[in-house]
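**Student:** Listed in order, the protein sequences are those of chains A, B and C. Going by this note's numbering, the residue at position 353 of the first sequence is 353; the numbering climbs one at a time, nothing skipped. Going by this note's numbering, the residue at position 36 of the second sequence is 36; the numbering climbs one at a time, nothing skipped. Going by this note's numbering, the residue at position 57 of the third sequence is 57; the numbering climbs one at a time, nothing skipped.
A hint or two may mislead.
[Said to hold, decoys possible] Computed Cβ-Cβ distance ranges for the label pairs, DEER-style:
id: 1; chain 1: C; residue 1: GLU70; chain 2: B; residue 2: TYR57; range: 17 to 23 Å
id: 2; chain 1: B; residue 1: ASP138; chain 2: A; residue 2: PRO201; range: 40 to 46 Å
id: 3; chain 1: A; residue 1: CYS390; chain 2: B; residue 2: TYR57; range: 30 to 36 Å
id: 4; chain 1: A; residue 1: VAL162; chain 2: B; residue 2: GLU174; range: 24 to 30 Å
id: 5; chain 1: B; residue 1: GLU174; chain 2: A; residue 2: LEU355; range: 29 to 35 Å
id: 6; chain 1: A; residue 1: HIS99; chain 2: B; residue 2: ARG161; range: 28 to 34 Å
id: 7; chain 1: C; residue 1: ARG73; chain 2: A; residue 2: ASN219; range: 37 to 43 Å
id: 8; chain 1: C; residue 1: THR271; chain 2: A; residue 2: GLN218; range: 42 to 48 Å
id: 9; chain 1: A; residue 1: PRO201; chain 2: C; residue 2: ARG73; range: 51 to 57 Å
[As the list claims (entries may be wrong)] Away from chain A, derived, C-beta distances all over 10 Å, residues of chain C:
id: 10; residue: VAL15
id: 11; residue: GLY54
id: 12; residue: GLU77
id: 13; residue: LEU102
id: 14; residue: PRO195
id: 15; residue: GLY213
id: 16; residue: MET248
id: 17; residue: ALA255
id: 18; residue: ILE338
[Unchecked claim] Calculated pairs, DSS-like style, for lysine-lysine (alpha carbon to alpha carbon, straight line, at most 30 Å):
id: 19; chain 1: A; residue 1: LYS308; chain 2: A; residue 2: LYS278
id: 20; chain 1: A; residue 1: LYS50; chain 2: A; residue 2: LYS223
id: 21; chain 1: C; residue 1: LYS115; chain 2: B; residue 2: LYS64
id: 22; chain 1: A; residue 1: LYS50; chain 2: B; residue 2: LYS139
id: 23; chain 1: A; residue 1: LYS367; chain 2: A; residue 2: LYS127
id: 24; chain 1: A; residue 1: LYS71; chain 2: B; residue 2: LYS142
id: 25; chain 1: B; residue 1: LYS139; chain 2: B; residue 2: LYS60
id: 26; chain 1: A; residue 1: LYS50; chain 2: C; residue 2: LYS115
Hints listed in this document are in silico derivations from the structure and should not be mistaken for laboratory results. Keep in mind the model is a prediction, meaning the values are calculated, not measured. Here a beta-carbon is modelled for each residue, glycine too, at the ideal position from N, C-alpha and C.
Listed below are the residues making up each chain.
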Amino acid sequence: MTLEFKRGVIAFLSAAFLVSLLFVQWREVSRRAEESGHVKPHINVPAASKACVDCHLQSTPGLVAHWTGSKHAERGVGCLECHEAQKGEVDGFDHYGPHIATVVTPSDCARCHTEVAAEFGRSHHAKGGNILASLDNFLAEVVEGNRGPIALNSPTPGRAFVHANGMSSANTGCQQCHGAKVGLESSDGGILTVDDFKPGPDGKPTNLDAVARIVKDQNGRPKFASSTWPNTGIGRINLDGSLGSCSACHSRHDFSPRRARQPENCGKCHLGPDHPQKEIYEESKHGVAFRDLLHEMNLDADEWVLGKDYTGAPTCASCHMSGNVRNGGRITHDPGERISWTNRPPVSLAMDTDLDHKIVGETDPEKRRALVNDTWEAKRTRMQEVCSVCHSAEYVNGFYKQYDDFVVLYNEKFAKPGQRMMKALVDNGLRTKADFDEQVEWTWYYLWHHEGRRARHGASMMAPDYAHWHGMFEVAERFYMELIPQVRELAEHGREQGKIAEADAVLSVVNEILARPEHQWYERDLAKMRAERGKEPK
Amino acid sequence: MHTPERPPQPQPPPEGHDSGNPPDRRSFLARASSMGMIAGLGASYGTAGLYAARYLYPSKPRDKAWMFVARIADVAVGGSLRYTTPGGEKVALARQGSAGTVEDFVALSSTCPHLGCQVHWESQNQRFFCPCHNGAFDKSGKGISGPPGDAGQSLPRYPLRVEGGLLYIEVPTESLEVADASAPREGHDPCLDGGAPL
Amino acid sequence: MSLSPLTWIRERVPVGPEQLRELTNEPVPNHLKKWWWCLGGTPAYLFVVQIVTGILLAFYYKPSPQTAYESVRYITEEASFGWFLRGLHKWAATMMVAAVVLHQMRIFFTGAYRKPRELNWLVGMCLLLLTLIVGFTGYSLVYEQLSYWGATVGANITDSVPVVGVYLKELLLGGEVYNENTLSRFFILHAAVLPVTMAALIALHVTLIRLQGVTEFHFRDEDRKKPAFFNFFPDHLLTELSIGLVLMVLLSVLATVLPAEMGPKADPLSTPEVIKPEWFFYVAFRWLKLFSGTLAVLSMGLIVFLMYAWPFIDARIRRSRPESEASVWIGVAGALAIIALTVWEASVAH
């Protein structure tokens, strides 16, 4: 082998080496490019919260991990920005240096998210805690439980209970959706709430007498009444007088917009026999498309504007809260702003609201116009903006015609007559004023609160099975097969007890209703049959 | 150094056995192959050397992040506050205007522009003082004596941003200062008692 | 008076091209014109690659249980070309073990260890063992599950050496068990003590070759009249350069296509289901499974001793039976045994 040849071999091998190095360079570049999209933003713990994070990494690592994945963490909002309390707040305590409070209320969030908190404060959501003195709460507190401890029937082997907590169905069932009235333990054995502290506009208590009664542990930390905390009900009544809980939808501690955008989030409360919005949504074309096109939903988008960031399907949030290209991307935290019918009460009402965002009950047109601040038409227009991102005007108007027709049918054929009969019974002293102590009251409650709502919600969100089989079909059965017979039975029962005029009054209401053309089918053949039977010789 | 029992070396052996080529062609071949070899070796090993140098050079600039500082409504006009970066550096932040925009605010670094030492605030003299070479700066960060005063240097300013009524600052997030997590804190050890008993 | 830079240097360092030529002009036997006789240069070349890439890796590596894994991750994922350098270092280590073993087999089967080169065989044996130990300590530095448990098992094997084993183990680990001091020990062994020792032994190895000359080896069909030697410079140097380039191409392709990856971080509380050392320890690993603790270690020590002593044993055999082919048969048997044990270990999980 000549030296020249060897040198040639070396030149050739050098070239091969160079090529392999270029391949290495290509790999390095493509690796960097690949990583640049995938690397999670680096989280920097704000100096003020560093001690919190160091310690909670050991005591509650999951909590810190959630925060680490949040937008707050990305932008330098740490623990104290939300949890820091001012001296004088009733639930504030010194925690290894900083003065903090456990419960973060909408007033805390409002320090930065001012507008959002204001919108939320106007919403029906924020008033969810008002249920605490309503018909539904009567069910949980009295019918299902007891306003006070319940004595034991017999001991539970292995456990040493003293009595049953009569309020636990209300605490666990009602208040985890509607919101509890957060309370602190009082030295007199009771519970101190916002009613006792009487906070001023700054959220600090004005009744220092109540403050003096707060029970604290050996570290000076006030004790929460366990029946009221933990609680993330959306209408929580907080110690500082604020209403609501942002974590009801924006779970702590990652405050994930992504999660709040998904139907499962609303489904924590909006489901079940009385208002199955979540199931209705799943049955609808919207829900079906969402499940299918989940990967196109762009749920992590910053603004998440329908028609710009995604078009796959609308979720609960898309229609009721989020921005869209037709409204300039405007988001609202008051889901009532786009709802034109309220299907909550026995008879659906048009959503004409006054300055306090309450539904106007006034019937006189002149006075009504003066009271109404935001009309149902304005609300419907806002919703139709959402619809029109995907649907033509004709299509949208057609849908709303069908929806209106359905609600009015329910109102006129079943709800108003039912309401009238129930009123006639009370007015004539044929049923007690107490709720749920007579069968007819359960029947009526089922009719409007469960079946009637299912029907109307089914119609409002395009779920035919809920509109019909779970809805109007059961409404009709309840009306004809239970409500009317039970009302008549109560009237006959009254007559037997000598309340003849009252019984006649109630029966005439029933007959008046059944004489209307839409009900005539019901007893036409029965009457014929009875008449024929009457002719027969006995 | 040859081993003694070896026969004496022949003269450098003829370069190759294919001696049919004329001498000038052979010398051309020799030169060309040498050049090719040297160029190839230089290019390939040189590239490998460049990679090594790139490896040793820092792979990315110092990490910075936009951090939340305060709501602008909480900083009074004419007021100031101390912000501590995640790396532990102290930032003097002052509000000088009432427009509610980013121009209202000034955030001074505590790193001396002269040779990088840390300055500290001397309240009795109303100045920032650098212990390395007796540099001093006034409240606004302007050098007033020592080397920074002579060179007309001021304390560097951090970039600020106002968004939705909130003030953000862009600061480096790493430093050699490592918070000692095991250092005793006030009161009992939080990590041991873990709050209320379960 | 102007002087050329060359003259200036020559005046201060009085060595001319003639002396340099004399120094490097090792007469190289003709059989080295055949490429496959050049295995001795290969480990030397790879040793240089390891020194260079090792120094580069040490710029970022931090030897402590808290930082080691993270720093290797930094090299692999964040530093520019770090993954490539780590890949080169890993593959060059593997190839170096292979090259040393092949070189030794060539020496063995050609009888190149015989008088007067017995001493160089001893040096070579030392280099073989050092190569293996450097491989072992280097693998431990990554501080991933397998390297952690490999180190633990390795240290406990030394424990089964009678009498001194327990001291050896504690000396190696810097404590009774793997602890805070262990990694820095392994690091200083891997990056300073062992490589410097190896460099010194390689220098001795080459000096001995230079003094004794390379064993001449004649093929039967060779033309006796042709010169038996050719010059190291530049002819053989070019051969070595080519081999170096082939190695570099091979290494970069391996480092790119089969890059050095990272296993799960070491967890001193849970041993992985399957633990294996690097492939070049498969033989020893299988041997340890075949015999119980002390017996296995002692028998292994005996084998290593016999390998060291082989030139003298061989001389004794040849003195009594000059035409004996015993060395070839023993070599073949040994090589087959090594291959068989390695394959066995590779093909089973436990």
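**Student:** Next step is simple, just say for each hint if it's right about the structure.
**Tutor:** Each hint, compared with the structure:
no.: 1; hint: GLU70/C <-> TYR57/B: 17 to 23 Å; in the structure: holds (20 Å)
no.: 2; hint: ASP138/B <-> PRO201/A: 40 to 46 Å; in the structure: holds (41 Å)
no.: 3; hint: CYS390/A <-> TYR57/B: 30 to 36 Å; in the structure: violated (53 Å)
no.: 4; hint: VAL162/A <-> GLU174/B: 24 to 30 Å; in the structure: violated (57 Å)
no.: 5; hint: GLU174/B <-> LEU355/A: 29 to 35 Å; in the structure: violated (53 Å)
no.: 6; hint: HIS99/A <-> ARG161/B: 28 to 34 Å; in the structure: holds (29 Å)
no.: 7; hint: ARG73/C <-> ASN219/A: 37 to 43 Å; in the structure: holds (40 Å)
no.: 8; hint: THR271/C <-> GLN218/A: 42 to 48 Å; in the structure: holds (44 Å)
no.: 9; hint: PRO201/A <-> ARG73/C: 51 to 57 Å; in the structure: holds (53 Å)
no.: 10; hint: VAL15; in the structure: holds (25 Å)
no.: 11; hint: GLY54; in the structure: holds (18 Å)
no.: 12; hint: GLU77; in the structure: violated (8 Å)
no.: 13; hint: LEU102; in the structure: holds (20 Å)
no.: 14; hint: PRO195; in the structure: holds (25 Å)
no.: 15; hint: GLY213; in the structure: holds (22 Å)
no.: 16; hint: MET248; in the structure: violated (5 Å)
no.: 17; hint: ALA255; in the structure: violated (8 Å)
no.: 18; hint: ILE338; in the structure: holds (32 Å)
no.: 19; hint: LYS308/A <-> LYS278/A; in the structure: holds (25 Å)
no.: 20; hint: LYS50/A <-> LYS223/A; in the structure: holds (26 Å)
no.: 21; hint: LYS115/C <-> LYS64/B; in the structure: violated (68 Å)
no.: 22; hint: LYS50/A <-> LYS139/B; in the structure: holds (29 Å)
no.: 23; hint: LYS367/A <-> LYS127/A; in the structure: holds (26 Å)
no.: 24; hint: LYS71/A <-> LYS142/B; in the structure: violated (36 Å)
no.: 25; hint: LYS139/B <-> LYS60/B; in the structure: violated (34 Å)
no.: 26; hint: LYS50/A <-> LYS115/C; in the structure: violated (72 Å)
Of the numbered hints given earlier, the model fails hints 3, 4, 5, 12, 16, 17, 21, 24, 25, 26; all others are met.
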